Amino acid sequence: MNEHKEKILAVCNQICKGTLMETLDITYIDVGENFLLARMPVTPRVHQPDGVLHGGASVALAESVGSAASYIFLDGKEFFVRGIEIAANHVKSIREGYVYARASMLHKGRTTQLWEIKITNEAGDLISNCKLTTIALPRK
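Residue numbers for the sequence shown follow numbering that gives the first Met the number 0, so the first one is 0 and each next one is one higher.
Simulated from the structure, these hints should not be mistaken for laboratory data. Do not rely on the hints blindly, as some may be mistaken.
[What the hints assert, rightly or not] Distance windows between CB atoms, simulated:
id	residue 1	residue 2	range
1	Pro-137	Val-51	35 to 45 Å
2	Pro-40	Phe-79	39 to 49 Å
3	Asp-49	Lys-16	14 to 24 Å
4	Pro-43	Pro-137	19 to 29 Å
5	Pro-48	Arg-109	41 to 51 Å
6	Leu-136	Gly-55	37 to 47 Å
7	Gly-96	Ile-134	25 to 35 Å
8	Asp-74	Pro-48	38 to 48 Å
9	Asn-128	Ile-83	17 to 27 Å
[What the hints assert, rightly or not] No farther apart than 27 Å at their CA atoms in a straight line, the calculated lysine-lysine pairs in the DSSO-like style are these:
id	residue 1	residue 2
10	Lys-107	Lys-130
11	Lys-91	Lys-130
12	Lys-117	Lys-16
13	Lys-76	Lys-6
14	Lys-6	Lys-91
15	Lys-91	Lys-76
16	Lys-139	Lys-117
The model shown is predicted, which means the values in this text are computed figures rather than measured ones. Positions of the beta carbon are idealized from the N, C-alpha and C atoms, including for glycine.
Put together the whole structure using the sequences plus the hints.
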């Protein structure tokens, strides 16, 4: 499993080159049977004007991780995945360090999937709780 895990993470990180995920410095760091975990540094690059993590950056992190998880846990060669709805509750602010986003599947339908993405700080405190709905459409 560990070799397989490293390959999955390498692919996830490689396909981020030249994308928003690279701009936000999102790195995929762990994957398991039903989750994908990524981290993002909290720096002025992702701050809102008063110096805390911008909610939009948190949502971009959540959608990135949830969509990547859909690609992993569905057959990405057979389907392409798009986010169709996202909701976020931001419960705590953070000024520096890292945030971690863990996407866990709540529902795996043939067409739509429901993901919960918990964003935490380095101490494990909840920063944001997000819900993402993705759609898997067949490649033609």
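Now the hints, each set against the structure:
no., hint, in the structure
1, Pro-137 / Val-51: 35 to 45 Å, "holds (41 Å)"
2, Pro-40 / Phe-79: 39 to 49 Å, "violated (29 Å)"
3, Asp-49 / Lys-16: 14 to 24 Å, "violated (32 Å)"
4, Pro-43 / Pro-137: 19 to 29 Å, "violated (42 Å)"
5, Pro-48 / Arg-109: 41 to 51 Å, "holds (44 Å)"
6, Leu-136 / Gly-55: 37 to 47 Å, "violated (26 Å)"
7, Gly-96 / Ile-134: 25 to 35 Å, "holds (34 Å)"
8, Asp-74 / Pro-48: 38 to 48 Å, "holds (43 Å)"
9, Asn-128 / Ile-83: 17 to 27 Å, "holds (19 Å)"
10, Lys-107 / Lys-130, "holds (14 Å)"
11, Lys-91 / Lys-130, "holds (17 Å)"
12, Lys-117 / Lys-16, "holds (24 Å)"
13, Lys-76 / Lys-6, "holds (16 Å)"
14, Lys-6 / Lys-91, "violated (34 Å)"
15, Lys-91 / Lys-76, "violated (38 Å)"
16, Lys-139 / Lys-117, "violated (33 Å)"
Violated hints, in rising order: 2, 3, 4, 6, 14, 15, 16; the structure is consistent with all others.
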